[in-house]
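Knowing the structure of chain A, use the given hints to seat chain B on it.
Spelled out from the first residue to the last, the chains are:
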Amino acid sequence: MTTAAADATADATTAEVDANTDANATTDAAAIEHARALLGVSRLTNAALTRWLHGLPGVDQVGCEARAGALGTRSIKSASKAWAIDLAISMIDLTTLEGNDTPGKVRGLAAKALTPDPSDPTTPRPAAVCVYGDMVAIARNTLGDSGVRVAAVATAFPSGRASLAVKLADVADAVNAGADEIDMVIDRGAFLAGDYRTVFDQVVAVKRACGTARLKVIMETGELVTYDNVRRASWLCMLAGADFIKTSTGKISPAATLPVTLVMLEAVRDWRETTGTQIGVKPAGGIRTSKDAVKFLVAVNEVAGPDWLEPHWFRFGASSLLNDLLLQRQRLRIGAYSGADYIADDSPSTAY
Amino acid sequence: MTRVEVKKTYKLYVGGAFPRSESGRSYAVSDARGQFLANASLASRKDARDAVVAARKAQPGWAGATAYNRGQVLYRVAEVMESRRTQFVEETRAAEGVTPARAAALVDAAIDRWVWYAGWSDKYPQVLGGLNPVAGPFFDISLPEPTGVVAALAPQGSSLLGLVSVVAPIIVTGNTAVVLASRERPVPAITLAESLATSDVPGGVVNLLTGDPAEMAPWLASHRDVNAIDLTGVAGTAIDWAELERAAADNLKRVRRPRLSQDGPTEPDWSANLGLDRLTAFVETKTVWHPKGR
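Protein chains in written order, with the working numbering: chain A, 1 to 352; chain B, 353 to 646.
This is chain A alone, in the form it adopts within the complex:
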């Protein structure tokens, strides 16, 4: 498929106003031109992408898991732990992505993001609240201009099995409702079938639909099976213009494991060395304890470097992690172990 043909297909399916089409084509053409130059090919074909992605060095599975294991054994002393807990809290995308999400639950979660620990106003706020697209307005309304961002999952999350037109409409809907960040899923089916160009084109199209919103691209590493695939998907998403690469939807197990995150951190580090552009990383799903969170922060510092140790470049997608971090924070503050009775309940019972 030629570049023009791909654009025509994408645009025709979006059924946008004609006047926009030229501008869109230009944006997409620029993305493709940039990718073409980086790969050093005359045409951005599946074959070219395959050559490039499969030319990346393979991941040593045993070595990667051993290194992740070794990084997890670091002993963190109290002062560093206090710093790490506050940093981890400020990196959380506080998430609720359930079919039974009610406006009340989303408001409750947003209120919790504004005041994570009512007993201690010095507690930092999470970076964002992450919800489904139809809940963006409600979250936005509660969060206002507090600085806590609203992230929305889009593009037929979590499976991503919908046409591009539907995906783009989903994105536009969330952006119009006030989302600051969009979490999209890649087409894993296309990726595993080797149709890298389709994955690339969809990310480019969604990136364009995001406008000024930051784009996090979910690779769903649990479905990609191998670390080699994780590395390839990371590079492909960064090539297509992702602002963040994210491990998982949280709906598939395994989700965010430390070795997978390690591979992604290496990818963003190498990407910055290659292109000069810094990309964020977001592990999501399965990170529940402060201990886990600290292990990830150690990995960020050791693999990608301290430049990534801030909420702009590293996030945790989590729901229950915040509570455990708050418990640990209280434990350090009061010198005694705390319990669930001292944490605000962010999921009010729906049974009355």
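Take the hints with a grain of salt, since some may be wrong.
Unchecked claim - As a list, the in silico DSS-like pairs of lysine-lysine whose alpha-carbon atoms are at most 27 Å apart:
{"id": "1", "chain 1": "A", "residue 1": "LYS77", "chain 2": "B", "residue 2": "LYS360"}
{"id": "2", "chain 1": "B", "residue 1": "LYS409", "chain 2": "A", "residue 2": "LYS251"}
{"id": "3", "chain 1": "A", "residue 1": "LYS77", "chain 2": "A", "residue 2": "LYS291"}
No lab work stands behind these hints: they were computed from the structure.
Below, chain B alone, put in the same frame as chain A:
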């Protein structure tokens, strides 16, 4: 050919599993004559923390079991102990330095104590609760409910009978327990844990830690997710139990003080009939007013 000796690793009992201490520490346990007996895990405050998490997780399910069922489970503990009777007698003899006949009597009493408390499981609500006469058109009913997670310092002297007499009344009402075994005599407690693990007691209902109570007790006393603490085991130690009670006050924890005599805390006579005292210490009374017509 001589057979290679199979030596036992004495571990903790937390959440239905037998982990080593997260600290990796252990300490040598001697019998009553000072001969080396075993290396037991020296639990840390983090093990105590994990035990509280396990106890909290298990509590709603255990309290939600029917009284009849809890009675059956406690009786089952007695059955399993009975089948390990020889081992218990030997370990109690070694730990407490008593004659084999005396040790056998202590083990029998411990087993009978499970049966005794098992019988109370569906009867104490009638004794402690009931219908209150009120001057109004209401049914007014009081009933005992479990306090929640109870930390207990098991007696230092009576390593099996005393331990059972502390644990059984805590759990029979639907509480879950974090128990610090006798520091010098932990072996019968470890065997009791193995009996509990094989007798239908859900994991986490009893969590048993060996080690130094003086190290762990302050963390349990100040732990906000522990609802009550039984200080029986401070007798015979240098632990400042008033300090523990002060720490417990921080979250209005229920405290059961040690038995006090002129010499300070002393261990009770475990062979005596204990009455319902230990059972009532860890229940809360809920009263319900229900309107009634004519």
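(message) Please list, smallest to largest, the hint numbers that this structure does not respect.
(response) As far as the earlier hints go, only 1 is violated by this structure.
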